[in-house]
Amino acid sequence: MKRKWYYFMTWVLCMGLMLITTGCGGSSKSSYDYNYSKQMVGNAMEAPMPPEMSKEEIAPDADFSSGKFELPTKEQFIVRTRLSVETKEFDESVKKIEALASELKGYIESVEASYGTTYDRNRNRSVFYMLRIPKGSSATAVNTIKSEVGLVVDEQMSTENVTKRIRDTKRDIELLKAKEDRLIELSKKTEDIEALIHIETELAEIISNREYSQAALQNLEYDVQYDFLSINLREVRETKVIEEDNFLGDVKTAFRDSIDGMVDFFQGLVIFLVRSWFALLIMALIIIIVIWLIKRISKRAAKKRLERMNAHPPVYPMNYAAPNMGVNQPQPEKMESEKTESEKTK
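Residue numbers for the sequence shown follow my numbering, so the first one is 1 and each next one is one higher.
Everything labelled a hint here was simulated from the structure, so no lab data went into it. One thing to keep in mind: the hints can contain errors.
As the list claims (entries may be wrong) - Derived EDC-like pairs: lysine to aspartate or glutamate, alpha-carbon spacing no greater than 20 Å straight-line:
#: 1; residue 1: K179; residue 2: D154
#: 2; residue 1: K170; residue 2: E205
#: 3; residue 1: K177; residue 2: E202
#: 4; residue 1: K88; residue 2: E155
#: 5; residue 1: K179; residue 2: E205
#: 6; residue 1: K179; residue 2: D168
#: 7; residue 1: K135; residue 2: E75
#: 8; residue 1: K188; residue 2: D168
#: 9; residue 1: K74; residue 2: D168
#: 10; residue 1: K135; residue 2: E109
#: 11; residue 1: K189; residue 2: E202
#: 12; residue 1: K170; residue 2: E155
#: 13; residue 1: K88; residue 2: D154
#: 14; residue 1: K95; residue 2: E112
#: 15; residue 1: K96; residue 2: D154
#: 16; residue 1: K135; residue 2: D223
#: 17; residue 1: K170; residue 2: E75
#: 18; residue 1: K146; residue 2: E235
#: 19; residue 1: K295; residue 2: E307
#: 20; residue 1: K105; residue 2: E148
#: 21; residue 1: K146; residue 2: E92
#: 22; residue 1: K105; residue 2: D264
#: 23; residue 1: K88; residue 2: D223
#: 24; residue 1: K170; residue 2: D223
#: 25; residue 1: K88; residue 2: D264
#: 26; residue 1: K164; residue 2: E75
#: 27; residue 1: K170; residue 2: E109
#: 28; residue 1: K96; residue 2: E109
#: 29; residue 1: K96; residue 2: E148
To be verified - With beta-carbon atoms standing in for the labels, derived distance ranges:
#: 30; residue 1: E92; residue 2: L269; range: 29 to 35 Å
#: 31; residue 1: A204; residue 2: K170; range: 19 to 25 Å
#: 32; residue 1: I166; residue 2: K146; range: 46 to 52 Å
#: 33; residue 1: Q156; residue 2: K74; range: 49 to 55 Å
#: 34; residue 1: V263; residue 2: K146; range: 51 to 57 Å
#: 35; residue 1: E89; residue 2: A178; range: 56 to 62 Å
#: 36; residue 1: Y222; residue 2: K74; range: 16 to 22 Å
#: 37; residue 1: D260; residue 2: Y115; range: 19 to 25 Å
#: 38; residue 1: S158; residue 2: F265; range: 49 to 55 Å
#: 39; residue 1: K303; residue 2: F265; range: 47 to 53 Å
#: 40; residue 1: Y212; residue 2: K88; range: 46 to 52 Å
From the three backbone atoms N, C-alpha and C, an ideal C-beta is built for every residue, glycine too.
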């Protein structure tokens, strides 16, 4: 008893030391994180802002979905917006999206559509649109989609500042153009054939690089002038919105989802049986025939085995009577010691 009590007290002391050590470590880590965060915030507040982005130009943090999103006018941005939309009226939503592109004086860059089959209830129709709309129209387009097209379940927006890239590309083009002009002037003054060939080769390479840079600059400027708007539209039977953001609301939603899932399961099962009844019937007939053949073969094998046993009965010792196998066999004679008095007198 004393030994058990000693082990118990040792275990309690060890657990207490572990808890104290863990608490001290957690508190020291928390204080370290707090001091580190405080130091980082102080450094961030003391750090000067870059000259290209003043405080008035930090507009990407504005409310985008409310239509108040604005970008610095001095900077050049590529704006990309991605929306995932659910709708019960798929055809009407498609028409509204295509009409929206025309209303905003944009165009549809690409379309990817996926249409479910007639028998597939779980695969609804969906379509992916990549729209290019004029600069500054993204907020208007998002608000229109939210109010007229369907329920927006996912929204993402990103901006890429390409001001420096455009400036650097323009400078590279100017340098290449100046070098190209110098080589052209030099080629006019050169009479040496080998030198002229070398100049022409270098000139062709410079012209190729300049044209490549000009094409890249045009693409950048075009992407700045036309925003990217990608819309993933998906057809659903019911659009669900969280009404109560609490435990009871979650329980109601989970219960409703379980009922809907059970109904969908039985509906899908009935549709599967109706669609596959002929194949299931053929499969059932094959299984019945196979079982019947197996039973018949087993009965025949058992009958043949019984016939062989009856035709060649086993030989047993004289002291034991042979089992009755359905054939009249002579009984072995008893020994003198086993005969009764009546049998001896006979």
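Hint-by-hint comparison with the structure:
no., hint, verdict
1, K179 <-> D154, "violated, 50 Å"
2, K170 <-> E205, "holds, 18 Å"
3, K177 <-> E202, "holds, 13 Å"
4, K88 <-> E155, "holds, 19 Å"
5, K179 <-> E205, "holds, 11 Å"
6, K179 <-> D168, "holds, 17 Å"
7, K135 <-> E75, "holds, 13 Å"
8, K188 <-> D168, "violated, 31 Å"
9, K74 <-> D168, "holds, 16 Å"
10, K135 <-> E109, "holds, 15 Å"
11, K189 <-> E202, "holds, 16 Å"
12, K170 <-> E155, "violated, 34 Å"
13, K88 <-> D154, "holds, 17 Å"
14, K95 <-> E112, "holds, 15 Å"
15, K96 <-> D154, "holds, 19 Å"
16, K135 <-> D223, "holds, 9 Å"
17, K170 <-> E75, "holds, 15 Å"
18, K146 <-> E235, "holds, 15 Å"
19, K295 <-> E307, "holds, 19 Å"
20, K105 <-> E148, "holds, 18 Å"
21, K146 <-> E92, "holds, 14 Å"
22, K105 <-> D264, "violated, 43 Å"
23, K88 <-> D223, "violated, 33 Å"
24, K170 <-> D223, "holds, 16 Å"
25, K88 <-> D264, "holds, 17 Å"
26, K164 <-> E75, "holds, 9 Å"
27, K170 <-> E109, "violated, 27 Å"
28, K96 <-> E109, "holds, 16 Å"
29, K96 <-> E148, "holds, 8 Å"
30, E92 <-> L269: 29 to 35 Å, "holds, 32 Å"
31, A204 <-> K170: 19 to 25 Å, "holds, 22 Å"
32, I166 <-> K146: 46 to 52 Å, "violated, 33 Å"
33, Q156 <-> K74: 49 to 55 Å, "violated, 26 Å"
34, V263 <-> K146: 51 to 57 Å, "violated, 30 Å"
35, E89 <-> A178: 56 to 62 Å, "holds, 60 Å"
36, Y222 <-> K74: 16 to 22 Å, "holds, 19 Å"
37, D260 <-> Y115: 19 to 25 Å, "holds, 23 Å"
38, S158 <-> F265: 49 to 55 Å, "violated, 40 Å"
39, K303 <-> F265: 47 to 53 Å, "holds, 49 Å"
40, Y212 <-> K88: 46 to 52 Å, "holds, 49 Å"
Taken one by one, the earlier hints fail for this structure at numbers 1, 8, 12, 22, 23, 27, 32, 33, 34, 38, listed in ascending order.
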